[in-house]
Structures are given as structure tokens and as C-alpha cells.
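Chains as they are written, first to last, in our numbering: chain A, 28 to 110; chain B, 28 to 110.
Since the hints were derived computationally from the structure, they do not count as laboratory data. You may find that some hints are simply not true.
[What the hints assert, rightly or not] Simulated crosslink set (SDA-like; lysine to any residue; CA at most 25 Å straight-line): (1) Lys68(A) x Lys68(B); (2) Lys65(A) x Arg32(B); (3) Lys30(A) x Gln63(B); (4) Lys38(A) x Ala95(B); (5) Lys84(A) x Ile49(B); (6) Lys75(A) x Asp91(A); (7) Lys30(B) x Glu77(B).
There are 2 protein chains.
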Amino acid sequence: MFKVRVYVSYKESVLDPQAEVIEGAMNRLNQGEVSQVKIGKFFDFNVKAETKEEAIKVAEAISDQLLANVNMESYQVELLEEN
Amino acid sequence: MFKVRVYVSYKESVLDPQAEVIEGAMNRLNQGEVSQVKIGKFFDFNVKAETKEEAIKVAEAISDQLLANVNMESYQVELLEEN
Chain A
28 MFKVRVYVSY
38 KESVLDPQAE
48 VIEGAMNRLN
58 QGEVSQVKIG
68 KFFDFNVKAE
78 TKEEAIKVAE
88 AISDQLLANV
98 NMESYQVELL
108 EEN
Chain B
28 MFKVRVYVSY
38 KESVLDPQAE
48 VIEGAMNRLN
58 QGEVSQVKIG
68 KFFDFNVKAE
78 TKEEAIKVAE
88 AISDQLLANV
98 NMESYQVELL
108 EEN
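Input sequences plus hints: build the corresponding full structure.
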């Protein structure tokens, strides 16, 4: 069993108005100057697999088909733990 | 300038029906057996600060006041880069 994390976020070329709005709100808190805000989602899950490579392959297939809209988003798979 | 990442996700005690629905969909793809799905958001941003400690303090203050609903969510600040 492997625990993986998949990060999903907009591609650089995609404008993210939500990030701009949040950047404005963050700066209005006057806690410190903030810039280049980028927002994304992450999915943690366990994968039943024999090897790390197999676990990553399963995570990538699931990301391609379900977790990321590959037209606008990119994803990154990270292996968190082997348990 | 420091680049930080803030992870925000539901506290363990909070039921996340969306994660359960996605877990079902992931398993129906028949790519591999998946379990313990957890979903969260992450925010990447640059903070103008003199020291790492100051950058993390700013990020924590912004997380407390804006990025996380501290009643239901917990957050984690990670320092990505010093640039």
C-alpha cells in the first residue's frame, strides 16, 4: 500500500481571477506584502500496488481521467509514504 | 522575498462527502484499488519579508484570517523557496 498526493493546478497560460481576488484580500489584511498567488487542489489517497512505480502509474492514470481537467490543468504526483 | 505554500484541508473530525464520492469514482475507473481519499487546497504565494521566520509568521496570520476556516479546516505552512 502506498500513500500518494496529487497536486492539481491551472496551467501557467490560464488566467485565474480567483487567485487575483484572493491576492487583493490577502494584501488588505496588512499582514505583509504578498504577490504571485497561485491556487490548486491536492488529493491524498492510498493505492494498493506492489511497487512504487505501479502506484505512481495508477495515480497518473486516475489523474488523467478524473482528477485533472488536462485541457486547463496540470498535475503532479508525489509519493508520500509506503505503508 | 520568500515563496511559501499553505495547505488547507478539513480536520479529521469533519466528514467530507465529496472525498467519498471521488473515491467511488476513482475505483470505478478500474485503474487500481484506492482508499482513504482526502482532498484539500493549496495556496502558493510570495511574501516580502526579511527572514524565513517573518515570512512564515505572515503566512500563518493570513491563513488564520483568510485562507482557512479554522472551525472546520486545519492548515500547514511550508517554505518553498527563498528568492
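Now the hints, each set against the structure:
As the CA atoms of Lys68(A) and Lys68(B) are separated by approximately 4 Å, the hinted pair is consistent with the 25 Å bound. Under the criterion of a C-alpha separation no larger than 25 Å, the hint pairing Lys65(A) with Arg32(B) is consistent with the structure, at around 9 Å. Pair hint Lys30(A) plus Gln63(B) holds up; C-alpha atoms about 9 Å apart against a cutoff of 25 Å. As the CA atoms of Lys38(A) and Ala95(B) are separated by approximately 24 Å, the hinted pair is consistent with the 25 Å bound.
The suggested pairing of Lys84(A) with Ile49(B) holds, with an alpha-carbon distance near 18 Å, which does not exceed 25 Å. The hinted pair formed by Lys75(A) and Asp91(A) meets the criterion: a straight-line CA distance of about 18 Å does not exceed 25 Å. Note on Lys30(B) and Glu77(B): the hinted pairing holds, with a Cα-Cα distance of about 13 Å set against a maximum of 25 Å.
Checked against the numbered hints above, the structure violates none of them.
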